[in-house]
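Protein chains in written order, with this note's numbering: chain A, 1 to 253; chain B, 1001 to 1613.
Keep in mind that the hints were calculated from the coordinates and are not lab data.
Glycine included, every Cβ here is placed at the ideal spot set by N, Cα and C.
Mixed in with the good hints, there may be bad ones.
Computed list of chain B residues with no C-beta within reach of chain A, every gap over 10 angstroms [as the list claims (entries may be wrong)]:
1) E1068
2) Q1124
3) V1125
4) P1171
5) R1244
6) L1325
7) E1363
8) S1406
9) K1418
10) I1564
11) A1566
Only pairs whose alpha carbons sit at most 25 angstroms apart, straight line, appear in this in silico BS3-like list of lysine-lysine [unchecked claim]:
12) A:K231 - B:K1470
13) A:K246 - B:K1346
14) A:K11 - B:K1262
15) A:K131 - B:K1409
16) B:K1233 - B:K1247
17) B:K1233 - B:K1201
18) A:K131 - B:K1099
19) B:K1099 - B:K1346
20) B:K1099 - B:K1510
21) B:K1241 - B:K1262
22) A:K214 - A:K231
23) B:K1460 - B:K1470
24) B:K1203 - B:K1233
25) A:K11 - A:K231
26) B:K1510 - A:K246
27) A:K231 - B:K1479
28) A:K214 - A:K11
29) B:K1201 - B:K1418
30) A:K189 - A:K214
31) B:K1262 - B:K1247
32) A:K189 - B:K1479
33) B:K1409 - B:K1360
34) B:K1510 - B:K1241
35) A:K231 - A:K246
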Amino acid sequence: MSESTSAAPVKSLNEWHSPSSRTEVIHELIHGVDRYNPTNLSYMEEYLQAQVQSGEYDLLAYLAVLKLYQFNPHMSNPDIITHILLKALSHTVHGPDFTLCLHLLREPAAILSDIDSDDQSLVVVLPFLQKLHQLSRTCQFTQFWSELNGESEGASTLRDVYLPQNPHFTSTTQLNFARSISSSFSRIKTAQLARWLDLSEGEVKQWAEKAGWKVDGEMVAIPGNGDNDVKAGVVNEQVELSQLTKLIAAAAY
Amino acid sequence: MADPAFYEAEEDDLLSSLAAPQYGQPEAASYEDEYKRMQVLEQHAYAQHGEQAQGDGELGVQLEMVPEDVKRFLILFHQAILENDIVTITTMYESGWNKLTQAHYAQSEWPEAEVIAPLVQNDQVFLTLYRELYFRHVYARLQPTIDDRFQSYENICELFNYLLNSEGPVPLDLPIQWLWDMLDEFVYQFQSFAQWRSNPKNKSEEELDLLAEAQQIWSSYSVLNVLYSLVQKSGINEQLKAEREGKSVEEVAELAGEYGSKPLYRNLGYFSLICLLRVHVLLGDPTLALQSMENVELSGGSFLTRITACHVTTYYHVGCAYMALSRWTDAIRIFVSVLIFFLRMKQYHTRSYQYGSIAKQCERMYGLLAICTSLAPGPTDESIMHIVKEHYADQIAEMHRGDALSTYKDLFLSACPKYLSVNPPPYEDSALLEAYAANPPQDATARMVELFLADVVAVKGVQSVRNLLKLYTSIDAGKLSAFIGEEAGEEEVLQQLMALKAASRSYQGKNGGSLLDGERISINNLDFTIDGAMVHVEETITNRRLAGFFIRNTEHAQRVFNTIRAAPLPTTGQPPAERAPRRDQPGQGQGSRAKPNGDGKPAAWQGKNRVRA
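The shape of chain B in the complex, shown without the other chains (with noise of 0.2 angstroms):
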């Protein structure tokens, strides 16, 4: 998730909201009128803190040498939040500050809150919100020290702290871009300090120390706690139970209350939904997982579409949710519809600085669609299937073989979640914890992947039953075991026809319901049925899917005619280059993806070679 790859900054980076993108974006005549108006506030805000930033002893001095641009972008940053400007805090979050970290700070730490304190008049809230970026950038760039885990957790605390225990909700805006992240980050270094605390070795006096002390920090009870207060707080389940019921606007807002009706709390309670989703499967509780979002739209346009690591990130926690509970189908399905929806936005985001880390987790779906696509074979998506067997060919060759365990191992391993352990080894009774470092017990990810193996060892043999029986419209059980060999005798022979029919039929969800619903569904051609010892084999014919690669490549089409025809008309010699670079560039992209083969990249809708399990 949130690793150093998250917050690279490349140069120039404008436009790296990853939000789909939108043709209506501000354009740079209004960026003109904006800098106009940064200007007369900077002046505005030097003139203010003129006199307090001298004589502060040693702070001063330090805040001699944070550079001016620095200085000018954060009082610009403050006056920005003081007045709820989301459109300027938009723009600084996103290119402002991973500017300035690219300029100044790509080694080292942004300066303390404390000694920028006197550029935003000492404002606290201001100082926690910079606080939280402060310990981004140390976890994304730099090692955090125990004191910044310590003290990244506090600062978060204090900030979650004033957004539900102030009198009434606050007076503050942020852009959903922000909110998705400070939670994103939330649970990533909740992760990270599990982990790292989950080793008691290479730990020195004053961490273990500490670790003894500190219980309640990062503990899975506190992260739990904020979660479910910011989702209680906002009533978000409940408007979203009553959007779906299709009440209107007004009644929504009067079940969200006074909090849950402004954005800033409704779409923190929102993400809050997405994160427990996320912490309940790395604490290996798929069911609750799936419980949590149970309000959430999945579908299409969803409010979580809007960010795409948050897309990404729910998709990719649910589709494990669903693997977990053995709903290979299900997960197939989600996997495969972000997948697409990757693909298809993949030309918009290759600039973004959060680009890494999301087709970080879109690879480990395509490793998580070859282990479901062998466990449960059945006609998917072929053009992303096509990338998968790209990919994976060796390792799906390995795991259609039947025994290939290892290979599930290691592809399981590559791309599973890092699973957590709610307790910590016992820091607080040295003798114990001596006798837990000598012999420690079995990691959280270990013994998930041993439980999912045994899921691979159940059916196993399927696979070659179903390849026999493929020959034949019938057969007596008796002769059957003949060729299965290993003196099975007709009961071990109908035991694993028995195992092959319980593969071959899932529990599938629908569209609307809650995550945890499912009809019977048969997920294989091959059926068969026993009367006595005769097995009777019957195999549906499935006609091949094209209404999804017409459908997406009518869109395709519709948004190159588009593009196009907003494009400006090529009537002057020169394009106007500085004016709006960045509107013509969606128009190229697409123009050369739509000649085949173009850039040897596979496409989302090639569909070229059949792909069949």
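So here's chain A without its partners, still in its complex pose (with noise of 0.2 angstroms):
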């Protein structure tokens, strides 16, 4: 199973700043003066919407989006906004995605103002993402789909507009809370496991078995993963030989 798609907590950050889907031309643009060219905006647009449609995550990529609607505030479009944060939302728990996103932004009100926008759902989304972030990132993962399938305005906002739009949502938000679960169990209720990933008993019980985790009853194994699996030790210093350069140069002569 590759890194991307496995349930255990990543190990390497490599996919995350540079993700193996990630084409040439999208690097170039990235990584050059290019980037601040408000012509290839669109460009970036379409990367993020194939994205959307295909489960893959590149925030870098997302970020140069932003900054260009730094840059350049009557061409910021809430709805890729929106799909910006909600990819950053659901695909990762604890890392700081979500939050660099907000860094490049700015309060909904004067976003909108600079477009002339009628429609203010940006206004009520943005604050709603806000506290699914905060619910997510403490792990309150009940209450966070308890959320987002409540009756608020900014819930029922995303649920008729921008969730149809992102068919990956939540199977990636599962697979991330998932992460997060088998970084602390080793064995962990069904019933728990269910509510957690907003499953059915019966769910669930598939949903573990395809990311290879063992059913057995009313419990569910989890194979360690070296976060799961900790066993106390004595650390001992290590000294690098790069460390003593300057020690065996001076005892040279």
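Two independent chains are provided; combine them into the complex using the hints.
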């Protein structure tokens, strides 16, 4: 199972800062001065849209889009912003991604006033997403789902407008919640897992087996992944040769 | 950064270079030769401009008022720059300019470039360089007016334009200290202008009009444009990449092209990368900031460490970027490494004119370290943590109690960079501007603080759960919930445990790769596994780290030994005081530091009290 679909904690950030799905063109755009060229905006936005459909994730490219909005406020697109935030929300639980997006955004009212938009949904959606993010990063998964499925204006806007366009939102969120769970648990009650992943007891068993977890009656056993099978130990100091170069050089004469 | 303290020259500041002290500095003897040579040059130059200087109307009168030593200085300075005489330029730039400032211009501007133009045969390049120094002095010592700000921008653009858009590389060479100061000042003035512009209140009519007209002046776009152009022209990224791959000097020079192979362009390109790091951090884009540094080597001995101000600034901003990514251990590692360096260098620098601002930036890093180590407790360098604890004992105690948002906020505000917003208020539209002034949007720093505090809130319950777990080897989650209180059910407790788990894992970069790289690591000694509802606690013991302590002290001993060996034998009753006074000083300084608790100041290697986080 590859890193990006495994329900074990992610070991390295390589896939995060340069995903293998990123094309050469996008790589050049992100790493060059062309990232400031507003004529590339539509190309970048299409890349995002395609990733929303395919379930792939490339944070640095999304940040480049938000950067262009930052420099050209009149080009801001609230729908794209919402999709980026949804991506960041579903793809990381404890990472900084969602906050990094917020770094580049201003208050929703200010964004909207620059584009003279009549559609005020960002004003409702953005704080709601922030609330979801706060629930997710503090692992209050049950409440996360009940907020998302709740009756608030933010939740219904998301459900009516944005989630139907994002076929992978739920499954990605579940996968990343599962990563958080698998980091702590070696075995977990099926009912608990079902609540945290917002699945029925029947569905959760299927889900667990697909993820390679063993269902054993009322319990699900999660394979060891370095985080959920810790052993007490003693860490000794390791001295690397590079630290000693000066000493060795001085000893040479 | 380049605050007023930056340029405060001290009396008789001979060795103001902030680069690591080199014992092979020009000695008094060669200064004498220099002096003779300069006298010759001076007579020569006077003879040349003798007639020109007179009869230029009002400017001529003003020139008459310029003190003789200043005139002489400018003529020689010009001469040195024409000849690309780096040694002389360095001396005049680092010491001569500051001495004259102290003597004549402590409270007022240097003469305007137009006034002194006849002295330098109207050499436009020199006058542009002169204006760069002129405005830097205004910013450092006086209150810049809007005209100063605009003209300074136009001047620096002229300079960069000359460098970038002449036919081929320009025949100019400047000391790296000046090149760094120039770019550092460029970013500083941008920052200062953006801050001044962000508040439309208390501005005169004239200022408002000027701001409405001149949208591009000091705009983020134009500043980034200059920096990226310097980076591209010098091919610095390609050069650094090739060097990392171990290509030969010739291969690198070939890659660098006709511009990049010149030290002037290469150095400007290199410093531009660091300025980009800074600007991106200020504009709230930490990933882009780290990305622009992807080819720059940070580890010891890299080029950027040759200028202390540059070294400290780079590490400060890299650390801040890591904090924004919640990578506390990386931030700690970065801060600690530069603070150790600074402690060691301090003794050589206390007399230097940039010392004040560097020391201030280091103070900030101690503050940020207090924050990082509270959020990610774990073993770190004991000597540095000792100082952190001395400075911030109360705050650390409050932060460890968990619920201390205001402490985090105050500490962060006092130590974080002054963030900027990209877009200025709408000066071009008076109606919009009025609405803006009546209801100003959240400023950039306030926004960053808010986002940072959200990070803190997310982990604020973690510490108390951790403290509870310390008492057990295994405990049932239901039982734990009774201790946590607040009617927490089993599910809530399990959720808090997961949050604790997440807070004790992080990603850490390693030397050599891109700064964005990271491997998952455990950052706390206390760890656990949950089996159903049973929590099994495992505590890892970290043995005390001693290698760093011994390595540093051995190196220190080596330096002391070298200094003693290099010092003249005390056979003559009187040491030759005027010949090499500087040379003795490091030795004396080290001598006194070799005695423990010598001067009451914390020494770099002071590790008597065992400090554990």
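So, going through the hints one by one against the coordinates:
1. Every CB of chain A lies more than 10 angstroms from the CB of E1068 of chain B, the least distance being 49 angstroms, so the non-interface label holds.
2. The Cβ of Q1124 of chain B sits about 29 angstroms from the closest Cβ of chain A, beyond the 10 angstroms cut-off, so the non-interface label holds.
3. With 10 angstroms as the threshold on Cβ separation, the claim that V1125 of chain B sits away from chain A holds: the shortest Cβ distance comes to roughly 27 angstroms.
4. Every C-beta of chain A lies more than 10 angstroms from that of P1171 of chain B, the closest at about 28 angstroms, which supports listing it as non-interface.
5. Even its closest Cβ contact with chain A, about 15 angstroms, leaves R1244 of chain B beyond 10 angstroms, as expected for a residue assigned away from the interface.
6. The non-interface label for L1325 of chain B is inconsistent with chain A: the shortest C-beta to C-beta separation is roughly 5 angstroms, within 10 angstroms.
7. Distance to chain A confirms E1363 of chain B as a non-interface residue, since its nearest Cβ pair spans about 25 angstroms, more than 10 angstroms.
8. Once the 10 angstroms rule is applied to beta carbons, S1406 of chain B is consistent with being away from chain A; the minimum gap is 19 angstroms.
9. Separation of K1418 of chain B from chain A is adequate, the least Cβ-Cβ distance of about 15 angstroms exceeding the 10 angstroms criterion.
10. With a least CB separation of 15 angstroms from chain A, I1564 of chain B remains clear of the 10 angstroms interface cut-off, as annotated.
11. In this structure A1566 of chain B is separated from chain A by more than 10 angstroms, as the shortest Cβ-Cβ distance comes to about 14 angstroms.
12. Taken as a hint, the K231 of chain A and K1470 of chain B pair is honoured in the structure, with Cα atoms around 15 angstroms apart against an allowance of 25 angstroms.
13. For the hint linking K246 of chain A to K1346 of chain B, the alpha-carbon distance of about 20 angstroms falls within 25 angstroms, and the restraint holds.
14. As the CA atoms of K11 of chain A and K1262 of chain B are separated by approximately 43 angstroms, the hinted pair breaks the 25 angstroms bound.
15. Proposed proximity of K131 of chain A and K1409 of chain B is supported: the alpha carbons are some 21 angstroms apart, at most 25 angstroms.
16. This hinted pair checks out: K1233 of chain B and K1247 of chain B have alpha carbons roughly 20 angstroms apart, not beyond 25 angstroms.
17. A C-alpha spacing of about 40 angstroms is found between K1233 of chain B and K1201 of chain B, which places the hinted pair above 25 angstroms, so the restraint is violated.
18. Proposed proximity of K131 of chain A and K1099 of chain B is contradicted: the alpha carbons are some 58 angstroms apart, above 25 angstroms.
19. For the proposed pair K1099 of chain B and K1346 of chain B, the alpha carbon gap of about 22 angstroms is at most 25 angstroms, so the pair holds.
20. Annotation: proposed proximity of K1099 of chain B to K1510 of chain B is violated, straight-line Cα distance about 44 angstroms (limit 25 angstroms).
21. As the CA atoms of K1241 of chain B and K1262 of chain B are separated by approximately 17 angstroms, the hinted pair is consistent with the 25 angstroms bound.
22. Between K214 of chain A and K231 of chain A, the direct Cα distance comes to roughly 22 angstroms. Compliance with the 25 angstroms bound is thereby established for this hinted pair.
23. Between K1460 of chain B and K1470 of chain B the alpha-carbon distance is near 17 angstroms, which keeps this suggested pair within the 25 angstroms criterion.
24. Of the pairs offered as hints, the one joining K1203 of chain B and K1233 of chain B is violated, with about 39 angstroms between alpha carbons and a cut-off of 25 angstroms exceeded.
25. At most 25 angstroms may separate the alpha-carbon atoms for a hinted pair to count; K11 of chain A and K231 of chain A meet this at roughly 18 angstroms.
26. Restraint check for K1510 of chain B and K246 of chain A: satisfied, since their Cα atoms lie roughly 21 angstroms apart, inside the 25 angstroms limit.
27. Distance restraint check for K231 of chain A and K1479 of chain B: the Cα-Cα separation of roughly 23 angstroms lies within the 25 angstroms cut-off, and the hinted pair is therefore satisfied.
28. At roughly 22 angstroms between alpha-carbon atoms, K214 of chain A and K11 of chain A fall within 25 angstroms of each other, so this suggested pair holds.
29. Among the hinted pairs, K1201 of chain B with K1418 of chain B is consistent with the structure: their alpha-carbon atoms are about 19 angstroms apart, no more than 25 angstroms.
30. Among the hinted pairs, K189 of chain A with K214 of chain A is consistent with the structure: their alpha-carbon atoms are about 12 angstroms apart, no more than 25 angstroms.
31. Between K1262 of chain B and K1247 of chain B, the direct Cα distance comes to roughly 18 angstroms. Compliance with the 25 angstroms bound is thereby established for this hinted pair.
32. With a CA separation close to 17 angstroms, the supplied pair K189 of chain A and K1479 of chain B stays within the 25 angstroms bound.
33. Taken as a hint, the K1409 of chain B and K1360 of chain B pair is honoured in the structure, with Cα atoms around 19 angstroms apart against an allowance of 25 angstroms.
34. Of the supplied pair hints, the one linking K1510 of chain B and K1241 of chain B holds, its CA atoms being roughly 17 angstroms apart against a limit of 25 angstroms.
35. Simply put, K231 of chain A and K246 of chain A have alpha-carbon atoms about 37 angstroms apart, too far for the 25 angstroms limit, and the pair is violated.
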